[in-house]
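There are 2 protein chains.
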Amino acid sequence: MADILHRIGIKTSSIDDVYQALTTESGLAGWWTNNTQGEGNQVGSIIKFRFGAGGFDMKVSGLNKPTHVVWEVAEGPEEWMDTTINWELKQDGDYIIVLFKHLNWKEPVEFMHHCSTKWAIFLMSLKSLIETGKGTPDPVDVKIDNWN
Amino acid sequence: MADILHRIGIKTSSIDDVYQALTTESGLAGWWTNNTQGEGNQVGSIIKFRFGAGGFDMKVSGLNKPTHVVWEVAEGPEEWMDTTINWELKQDGDYIIVLFKHLNWKEPVEFMHHCSTKWAIFLMSLKSLIETGKGTPDPVDVKIDNWN
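Protein sequences appear in the order of chains Y and A. Residue 86 in the numbering used here sits at position 77 of the first sequence, and the numbers go up by one each step. Residue 34 in the numbering used here sits at position 25 of the second sequence, and the numbers go up by one each step.
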């Protein structure tokens, strides 16, 4: 098994604002993909994220407001099946720290390398959304390679 | 053991330009830290990278021009000791693909989460250096959190 791990710090005093950006349709659409359908504020609910070439359905499998969010991949690319995405939020001085984990990849395939870098870029989009009011969700996301 | 993996695609036809950016003092200073001392073009050589708060000494342990570069961490933070950094370059259409691996972390500590995100940011700086002639090395690097 292999995992993608990231850490960003968002300059804000409101952990609730960050939690909202992970658990509401408008929040998620503001940093990941503007084609987001579904709220993420109930355990068991499904959120549909669509991108140019495909997308993911996430099942909300854990919530502990305002510090923890867990998603299980319900639909998506073969390599994403049976993986879990874990969000932990905490305050540290002037920052809300986001510890991100995309857990349980079967193999460290080349697509996992791509997704790791792309997650970092989208986390910076989340940071920008909270700090400036404007993120860079798909389709205005920062491109990293020939897979986008 | 835990690994950091990334993939970027640099829009250039010159794999040599990317290899140079990983194996020369001026190249490395252009995207990682402007306080870089030492060339990376000989197996066994040491490159010293310094940042505001500290730094790393890398021993070049493998070179296969222009597709592979391997560094072993010779000095650095405790968590970096005995880790290895692996660069693989290959052409794919209009891009030179960089597969990056920072291997053999003992534990997936919070600092590893930070380094994973920060590596993505520095890889985007490498991409920018080659594509536009200008990277964002320390101290003008993009800040990601309260650890910088």
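No lab work stands behind these hints: they were computed from the structure. Keep in mind that this is a model prediction, so the values were computed, not measured. Accuracy of the hints is not assured; some may be wrong.
Any copy will do: because identical chains look the same in the list, a pair fits if it lies in one copy or spans two.
To be verified - Mimicking DSS-like on lysine-lysine, the simulated pairs with C-alpha atoms at most 27 Å apart in a straight line are:
no.: 1; residue 1: LYS115; residue 2: LYS20
no.: 2; residue 1: LYS57; residue 2: LYS115
no.: 3; residue 1: LYS115; residue 2: LYS143
no.: 4; residue 1: LYS115; residue 2: LYS74
no.: 5; residue 1: LYS68; residue 2: LYS57
no.: 6; residue 1: LYS110; residue 2: LYS57
no.: 7; residue 1: LYS152; residue 2: LYS110
no.: 8; residue 1: LYS20; residue 2: LYS110
no.: 9; residue 1: LYS57; residue 2: LYS74
no.: 10; residue 1: LYS152; residue 2: LYS20
Quick rundown of the hints versus the structure:
1. LYS115 to LYS20: Answer is neither: 35 Å inside a copy and 30 Å across each miss the 27 Å cutoff.
2. LYS57 to LYS115: Within one copy only: 23 Å inside a chain, 36 Å across chains, cut-off 27 Å.
3. LYS115 to LYS143: Result: close neither inside a copy nor across copies, 35 Å intra and 37 Å inter.
4. LYS115 to LYS74: neither (30 Å within a copy, 31 Å between copies)
5. LYS68 to LYS57: Within one copy only: 9 Å inside a chain, 46 Å across chains, cut-off 27 Å.
6. LYS110 to LYS57: within (19 Å within a copy, 31 Å between copies)
7. LYS152 to LYS110: both (21 Å within a copy, 20 Å between copies)
8. LYS20 to LYS110: within (21 Å within a copy, 29 Å between copies)
9. LYS57 to LYS74: Cα proximity of LYS57 and LYS74: one copy only (21 Å, versus 44 Å across).
10. LYS152 to LYS20: both (24 Å within a copy, 11 Å between copies)
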